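Can you make the complete structure from the sequences, with help from the hints?
Protein chains in written order, with numbering that gives the first Met the number 0: chain A, 0 to 238; chain B, 0 to 384; chain C, 0 to 399.
Hints in this document: simulated from the structure, not taken from any laboratory. Any given hint might turn out to be false.
To be verified - One side only, chain C facing chain A, incomplete, derived with CB under 10 Å:
no. : residue
1   : Pro21
2   : Tyr74
3   : Thr187
4   : Leu266
5   : Tyr326
6   : Val355
Remember, it's a predicted structure, so these values are computed and weren't measured experimentally. Each residue gets a CB set at the ideal place from its N, CA and C atoms; glycine is no exception.
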Amino acid sequence: MNIVVCIKQVPGTAEVRIHSETHTLIRDGVESMVTVFTMGPPQAEAALREAVSYGVDEVVLVSDRALVGSDTLATAYAIAKGIAKIGAYDLILCGKQAIDGDTAQVGPEVAERLGIPFVAWVRKVEEVGDGKIRVQRMMDDGYEVIEMPLPALITVVKEINEPRLASLKGKLRAKKLEIPMWSAEDIGVEEDQVGLKGSPTQVMRIFSPEPRGAGERLEGEAEEVAQRLAERLKVMGFV
Amino acid sequence: MAQHFLTEEQEMIRDLARQIAQEKIVPMRAELDEQEEFPWEIMKLLAESDLFRIWIPEEYGGLGEGIFGLCLAMEELSRACAGVAVSYAGSALGGTPILLYGTEEQKQKYLPQLASGERLGAFALTEANAGSDVAGMQATARKVDDGYVLNGTKQWITNGGEAEIYTVFTITDRNRGARGSTAFIMEKGMEGFSFGKKEKKLGIRTSSTRELVFQDCFVPTAQRLGREGMGFIVAMKTFDQSRPGIGAQSVGIAQGALDEAIQFARERHQFGKTISSFQAVQHMLADMATEIEAARALVYYAARLVDSGDRSASKIAAMAKVFPSDMAMRVTTNAVQIMGGSGYMREYPVEKMMRDAKITQIYEGTNQIMRNVIAGNLIKEAAAL
Amino acid sequence: MALIWVIEDKCTGCGLCVKKCPFGAIEIVEKVAVIDESKCTLCKACVETCRSEAIALSPEAEAMQEKPSVDLNAYRGVWIFAEQRNGRLSSVAYELLGVGRTLSDDLDVALTAVLFGSGMEEAAGALVARGADRVLWVDEPELRTFHDDSYAQVFEELIREEKPEIVLAGATAVGRSFIPKVAAKLETGLTADCTELAIDREKRLLVQTRPAFGGNIMATILCPNRRPQMATVRHKVMQEAEALEGRKGEIVRRKAKPESLLSRTSLIEFIEELEETINIVDADVIVSGGRGLGKPENFALIRELALVLEGAVGASRAAVDEGWIPYSHQVGQTGKTVSPKLYIACGISGAIQHLVGMRSSDVIVAINKDPEAPIFDVATFGIVGDLFEVVPALVRKLKG
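Structure, rendered in structure tokens:
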């Protein structure tokens, strides 16, 4: 089984270094080859090296100035092209959303571009094999068990797996590995479908949200503050 | 950092072991100590992270980083929990005789299993009446067609019951004393090979310590390790390799205790000041830190010497066990002292570190025996001049 | 050759462009603006803002700007996707009608609600009553159950046929799953999880605003050259449209092509998993517990308060990671984004990842013993105190 994992290197956040936490998801039990794919600036190589230290087999970096400014549609187009160049795949894994853009759109758009079935918000892979995959999809009120044929793309939520630790062999390999870097030309994208030109959405303005403003502090004994808060909530119609 | 001139690979070992120790072992150590349960979950993590591969040569699925690499991992694991660390190192101790004296076939069979961590190893020498005095051993191996029949009981065996591969020392010819000892590679599950109860210990409580019982246990000749009568040499050469590891364990325990003591001293207020501002406390901390650095330097030197194959390694290896372990006992005791009542409580980890430290002065040759080894070598060297 | 540059003679070093640049790509060095091309996306915000016309784009860069690829005037009307589950309309449909009505009035076009599934007569009526001029109802039993393939295919065909200029859907588990597929099929722009929508009447454009970078930044996004303009809208942020007795609207009942109803995914079973019956995404009131609860049993306190307020029970990542409560209750970046009318955080310090998931709530109450906890920065009412005293007291007062 060939598995492709898409990751995104994102600017510093409190705890997550690589968004997709699932590099090794279904390795156990299935003879498989895992390729980690990313698109981004050349520095994204660091994220791929980290992935190698966790034990993935292959990594690919797509990086090109022509891709800068791509929105989700253009990004998904380029990723789909890149994955197609990797060759045979059975399963593609993406994180539910990158924590910088928070759009959650690239996964489904890649699936659409590749013309393969797709399930979002996967919290567990129950079974894989025989050309099929059975997964649990998180819904707002529970979960659905869904089956679909491979190849397929799933986006996964945090619950899917505990990130495993790096291994020494992985780290040694990560240090030495020559990371292939593909250009826009290498993956064969149409120039007018990527970058700013290929992006239907445009960012008009970026601004800081209005601070909520420090609210009111209720101080005093528990009984007293509870009384005051209860009154407020009653006035506001919550009771 | 040019500290101790580590190679990039050695830094990787240290950093990964430190990460596992701090992220995975520290949160569990109090419970492991309390429950006295074998840390299988952590052993699995160490296996996945290739830590069992460190000391094994590359041709047997290892990383070829030698005893020094093993010591770096030992130090970091021990800084978090010496009980976990000894369970980890027990496997290496069981495998070292195979690496040193095994046939090519034995190495091909067992070392990759130990390297991947899929099976743990153990080393079985001690008996009720044979601790420091190895020659007092009672367990026998009687020669029969195609093999040997083992009878006897091994005591206080680290990883006993949990390990699957055991290096076991027996007497094959009682008349020849130490020269009548022979080693075997035994596997859990062999007929006539069973385990006694798990011992209750002062420290390193998460580790498993059990009796191994052999009752008419047949073993094929192919399981014999080295020639007949070589058992004593196998054991002694193994100790030369393993003693720096106990030194590294001691350094780790002491470092862990110092870390706790410093942090506590900076937070604890008495007489309106942090206790770290009192010179009495400062001088204790200074001495602890100095002794740790001295021990660390000695351990690293010894490990590198052992890896180089130097013939004087036996003496230095003994030094690298005796000094760090005595040091760890002092440092952990002082850490408890600095932390006062808090230090004595199980809520803080230093009382455990003090309990754990004690064993380092005892196992793999008591510190009294270590001094005999050192002195013996000194006198031998002087005589050779 | 550079794609964009500063004409140094003209630049006054006023710094307007620095403020305007959405990507932090410009700085003033020795009183002249300097553009970092590695950060610049050629969005031209600086070019438009510069009073001295000191920033120039190369012809190549101009050529890189997207040009309309469709006849924009051929697209008219505002659509909302009226999501249903098991035949029941989700309240997000009413919220979309609320904001959709405003947008369609501003554009002077009709508001259409798209409804999938059989047996939805009542729902179709409700959509009209709440402001839909027209309900486009694809009456097919296969569409009662959500499948990405069939939903995306049928929706795409409707859009291609009728050409609306704006399509809105709820940023729900369903909407955020299949709407991106629709956008990809149509090769148009889609803005995720919007919290504000407006119309630029002059340019006849949908002005979409959404949080990004964990809510630390708001971005306003346009889709000027392709149609339809598509957005998913955060649940509970927009006002629900009120039902108006006797309101008139057209209900168009449609069928879909049989092959469009096929799906490669099959639903084996659904397992309801919430401990409490109200799920946090739909709740108007959420009471959340965090690490401060200390142990799982103490969630009883949270449940009791939620019960009094008829709300749902939420949790911080810390509480979920400790295994005190299932992941489906987790609020925050790696859990769910919620926007209730009232959010009560008990024993939650308010890490940025948590704040992102709840800061758009109307009223936030924080109960925490650490006065420095960041949760107080977003709290409407902050109580510094022991939750084990305050929460039971509050339950008594609310009951009394």
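Okay, the hints, checked on the actual structure:
no.: 1; hint: Pro21; result: holds, 4 Å
no.: 2; hint: Tyr74; result: violated, 13 Å
no.: 3; hint: Thr187; result: holds, 5 Å
no.: 4; hint: Leu266; result: holds, 6 Å
no.: 5; hint: Tyr326; result: holds, 5 Å
no.: 6; hint: Val355; result: holds, 8 Å
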